Amino acid sequence: MFDPYFIIIIGSVIDGLVLGGIYLLISLGLSLIFGVAGVLNVSHGDMVMLAGLLTFFISNAIGLQLLGVVIATTVIIPLFLIIGILLYYCLIRPLTKRTKQELLIGSILITLGLSFLLQDLAATVFGTLPRSVYIGFEPIKLGELVVPFFRLATFIIIVVIAFFIWSFLKYTFTGMAMRAVTNNREVALSLGIPIDITAAMTFGAGTVLAALGGILYLANGFPITPFVGLSLTVKALTVIVIGGTGKLTGTVIGAVILGVAETLTGAVISFYWAPAISILLLLIVLVIKPKGILGE
Amino acid sequence: MGGGAFMGIRKVKQNGVTRTVATVLAIVLLLIGLSSGYFIGVSVSPTVVTKTQLVTVGGTVTERITITITTAVAQPTGPPLKIGMTISKDGLFAPLTSGYEAFNREWLKWVNNVRKGVWVRELGVRVPVEIIMYDDKSRPDLAIQLYTKLATEDNVHILVSPYSADIGIQLIPAVAERFRVPMIMAEASTKDMWNKGYKYIVTPMVPYWEDNENGWAANYFDMLAKTKWAKTIAFVGWDITWAIDTYNSGKSLARKAGLQIVYDKLLAPGTTDFSGVIRELKTINPDIVYLAMFGPINALFIKQAAEAGFKPKEWHVIEYGAGFVESLGPLAEGVTSDIFWTPSFKYYQSDLLNELMSRAGLSWVDWEWTELRMIIFQMIIAAVEEAGKLDREAINEALHKLQIMTVSGPLIIGPQGYGNIGLVTIQIQNGRIQTVWPPHLANATYVHP
Chain G
1 MFDPYFIIII GSVIDGLVLG GIYLLISLGL SLIFGVAGVL NVSHGDMVML AGLLTFFISN
61 AIGLQLLGVV IATTVIIPLF LIIGILLYYC LIRPLTKRTK QELLIGSILI TLGLSFLLQD
121 LAATVFGTLP RSVYIGFEPI KLGELVVPFF RLATFIIIVV IAFFIWSFLK YTFTGMAMRA
181 VTNNREVALS LGIPIDITAA MTFGAGTVLA ALGGILYLAN GFPITPFVGL SLTVKALTVI
241 VIGGTGKLTG TVIGAVILGV AETLTGAVIS FYWAPAISIL LLLIVLVIKP KGILGE
Chain Z
1 MGGGAFMGIR KVKQNGVTRT VATVLAIVLL LIGLSSGYFI GVSVSPTVVT KTQLVTVGGT
61 VTERITITIT TAVAQPTGPP LKIGMTISKD GLFAPLTSGY EAFNREWLKW VNNVRKGVWV
121 RELGVRVPVE IIMYDDKSRP DLAIQLYTKL ATEDNVHILV SPYSADIGIQ LIPAVAERFR
181 VPMIMAEAST KDMWNKGYKY IVTPMVPYWE DNENGWAANY FDMLAKTKWA KTIAFVGWDI
241 TWAIDTYNSG KSLARKAGLQ IVYDKLLAPG TTDFSGVIRE LKTINPDIVY LAMFGPINAL
301 FIKQAAEAGF KPKEWHVIEY GAGFVESLGP LAEGVTSDIF WTPSFKYYQS DLLNELMSRA
361 GLSWVDWEWT ELRMIIFQMI IAAVEEAGKL DREAINEALH KLQIMTVSGP LIIGPQGYGN
421 IGLVTIQIQN GRIQTVWPPH LANATYVHP
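Chain order of the listed sequences is G and Z. Take the first sequence: its position 279, counted from the start at 1, is 279 in the numbering used here, and no numbers get skipped. Take the second sequence: its position 353, counted from the start at 1, is 353 in the numbering used here, and no numbers get skipped.
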């Protein structure tokens, strides 16, 4: 027989790990794009939003929420890969001939504009109601601890995806090319790595990660509205800054810290302060270690 | 014979010509007839003129929508009565207010074409009504700028507040009092609006923050006190003005109804992950959970609780609109809530409200506060006709003395500016919303454990 408070804390840690996992997927996409293409994609959160809304409407059309989520995932992954690649070629590539600084500022402005456009388009097409799905499985009971089924499933899915990304970056040519471009663009170019194609593939992969984040965000009962994107981009940026820019392991650490901190703040201090903890963490990291936990 | 034959041929030819001419004439007449009918049809049916412009206010580009109605027959004459308001087409309040644009359009059609405008005694004519709307994007700073524009540049005669007390309370000193324009507070009212001596605001709603029969959920707690089935209750709310008002009033009324409050938690506005709160509620297991948040957020809370395996004996939500019933499906069954009007009410123009909403494509299940907009339009017509002139001061004075019948029953504006329209308790039963309390307005029996 455990103390109820202890059960609440353990449950909050599990929730935090799942939430952190969703942040991780979103942040990894943003981090990859920033590292390889040198672009800060402000519309990244809007990809999360679009994938979430598409999932909602596909699962509603099918009528069965879980089956809908599965089918939506199979449609959304290739779709968002293409969208990501097209975004690179249509919007970012024309900027790549500019200096690094101009590319960064230009990309922020262009993707910010894209973000507004996507928000308005989504509001027109999907309406402005917050959308969420209800999977409806019985929660899993681990002794006195009760965990929603899909939260546990999400945790496993995220571990599998994270392992897949790690293997992809470590063992495939495209993955190695991505890492090489992140580490040193000029050396990578001299080694004959096709920078353009690598950057486009990274944009595609990053957008797919954002989309997966959106699907899991929705499937875990969080609401998606056309206007949720920018706040998710900010959350992902917070994760990257906490972990250290350009470091994928840092992103993992940042995401877990942020997720667990948010849920534990609610359980231990006050639910009122849970949303504010990300800002506090960001300030602490910027003051103590401005380059992030693993930043050099 | 030959001549006769010729004559016969001529006669046949003449007959042929006559028939051809007759046929052509008939077709021409038919076409004229049809086209006349068409044009007559056009001339009697209203033409809605919706002019949408993009304007820049304080560095923000937003929409300015002017809705006017024109007809060729019996059009009201005189300068228009101008009503100004903002709605939110973006942001947090968009799911709750964006539909009012269509409702305004349908009401304007009715007031200008069926009612033939509003009688202005001083002018001796019925004047047409015009509505000027802006999109405030759910932003208080933008709302202040837009209402200032409505008061100073668009020169509206009367203002209708936007959604939410948090935005509304800022508009009163900044616009209504400053420029002396009467403002009717729509879904925006809180104690601090009515105890500062403001002169240019009124609302049809009761002071629902009180812990007496005016309280937001007063009828609900009266029902619980009578049925006596519930023993414990938990309160969860967002820390925003309206929710706090209903949360505090609800807690006090719950105690008076003999319920034990076993949990109460105010959350930061914007909180959407309720897993921690749900976990705590699960350990306490109250009979009722009272949710003081916006409708879609209440629905989200109930869904997350269901995923976590928590279902109290009853959910009570302070708002259910914006897709609540549809998004929850079977989980919505038995949920109770509060509202100012339901179709079971048979007061003044209830049928008209139903019809206008239906034409606007708004279901009252999803747009649950549209009745307030209707009451406000009823107030505007009555106040302008009582004032007898298109003058802000005169209209304001008439608004403060208003005693009229509305869709939700008789309305009397009190000396402080607020009215007496209270809320009834509804319950979702078999996917339908039923009025369950007070008994004299109920159309269904309250179902409880």
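FYI, nobody ran anything at the bench for these hints, they're computed from the structure. This structure is a prediction, so every number in the text was calculated from the model and none was measured. One or more of the hints may lead you astray.
[What the hints assert, rightly or not] Here are the computed lysine to any residue pairs in the SDA-like style, where the Cα-Cα straight-line distance is at most 20 Å:
| hint | chain 1 | residue 1 | chain 2 | residue 2 |
| --- | --- | --- | --- | --- |
| 1 | Z | LYS311 | G | PRO4 |
| 2 | Z | LYS311 | G | ILE140 |
| 3 | Z | LYS265 | G | ILE140 |
Structure-inconsistent hints, enumerated in ascending order: Violated hint (a single one): 3; every other hint is consistent with the structure.
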